[in-house]
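**Q** One-letter residues, chain by chain:
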Amino acid sequence: MTDPSGTAAPVILAVNGLCVSYGIIRALDDINLEVRHGEILSIIGANGAGKSTLLKSLTGLARPLSGTISFNGTDITAARTDRIVRMGMSMVPEGRRIFPDLTVRENLELGGFPVPDRTVRGDILDLIMTTFPRLKERMKQHAGTLSGGEQQMLAMGRALMSHPRLLLLDEPSMGLSPIITREIFSLITKVNSERAITMILVEQNAHMALEHSHRACVLENGRITLVGPSADIKHDPRVIEAYLGV
Amino acid sequence: MEQASYILSQVINGLQLGAVYALIALGYTMVYGILRLINFAHGDIFMLGAFIAYFLLSRFGMPIYLVFLATMAVTALAGYLMEKIAYKPLRNAPKISLLITAVGVSLFLEYFCSLKAVFTPDYIAFPRPFEVETYNFSLGGLEFSFTNIQVLIFAITFSALVLLYLLIYRTKQGKAMRAVSYDRETAALMGINIDNTVSLTFMVGAALAGMGGILYAMAYPQINVFMGIMPGIKSFIAAVLGGIGIIHGAVIGGLIVGTSEVIVSAFLSSTYRDGVIFIILLIVLLVKPSGIFGKRIDKV
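Heads up: the sequence lines are chains A and B, in that order. Each step along the first sequence adds one to the number in the working numbering, with nothing skipped, and position 238 is 238. Each step along the second sequence adds one to the number in the working numbering, with nothing skipped, and position 256 is 1256.
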């Protein structure tokens, strides 16, 4: 994939000098990152490299030690999670974290919590059901009874219910078969291109992530060691050796 | 037949007590659901309710419906402040810190209120806003009676439960409360303000406990700053019995605990009235620790 927006697209998210610690363990060290409107940025890296921590600090679920995060030109470094979500950032958390005892519909409605207008919520819901027809058939079912792939679709649909401008996806392929993973990734690209929703995609499956993103960065031990167009990263010998495993 | 009538009237008395326990147990269970905290100071909010009502009735001669509204508003405020001052700073601390703090808040409320300048350390008589009237009924030879206080307790408890259900299952705020109790982080990602939701939960729980305090004081019109301890513990047991975190579990648990207590004191000896409740707790913990309606045991 090539970058549809070029470098001229406005910056939607800017991270400067971000450091996050868990006790004495430094999880993220001096992260600098820019995400431009309309692109999919993938973050690849090994287990424990700090990928999830990065997403959590963007949504206010982990508090940075230093550094700044600005979203749409507003400083959100110290903002509460619900405020950040209301500003248009949404996240599909690692392990999906759907509400298993609630129905599919109730899960989606919770995602639409920040949208005050009932008819607007209904419109968004209709749109989501056209994107994820599998969910439409299961609206009344308890979310816990869905298959892994369907749960991932539900988690994505739920995150889209707040009508975000930036969507963060944490390990969408986790625990899914290769066929379902492919289906999920094609949905991700579809949502990105059809709705112009900017995305940050965190993945252990580096191959799929690089295939489905415009730009990529490599996170190692809490530091960004490589950043560039996914097409270039894919051919970087270090990446091939460490993450694509030929 | 006489025996049956006696049993029936004791069951009615037990349900009266149980309804008050249910009101207190709801606060325990709601707060547990949302913070995984056993708020040991909750029984003291119940005491606070009785004392505030006492002052409103004896000093200001307020009409009873206003006493209920004002008392519930003040106890809700007390619940709000308790959470903001004592528990919120510990939101990300280990659970045991919260629990110890809850015991501290409980002791603080009891001994602070026992100061002469605040309430009093003595037992005082609660002024009933109306005389007790007894209505006798006979149904197929079965004699039983109701007092107007019992009618009031059942009516108020039932209406409070209906309103609580509407709040939790029919409003946006209720939806937020349920989401936070399932998964706090994910609820925040849904754009739900966690702090407000926790505050609301404490306020609703405290208002219900305040209401329970007034009803209890009307039924047993002797109040004291330590009056919240035993009903608090028993209501906590009621919440565990029904399945902690489960709303209807708290109600059923409260009714069972109240009825057992009265039945035991009527047919065995009132010496065992407290003991039997702890036996219930032991049985629950041994047989089904998740309670009557609990499906799984949450990780604490």
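In short, the hints are calculated from the structure, not lab data. Source: prediction; values computed, not measured. Just so you know, even glycine gets a beta-carbon here, dropped at the ideal spot from N, CA and C. Incorrect hints may appear among the rest.
What the hints assert, rightly or not - A short, non-exhaustive set of chain A residues, derived as facing chain B with CB atoms under 7 Å: (1) L33; (2) R97; (3) F113.
**Q** Work down the list of hints and note, for each, if the structure agrees.
**A** Checked hints:
no., hint, verdict
1, L33, "violated (20 Å)"
2, R97, "holds (4 Å)"
3, F113, "holds (5 Å)"
Of the numbered hints stated above, the single one contradicted by the structure is hint 1.
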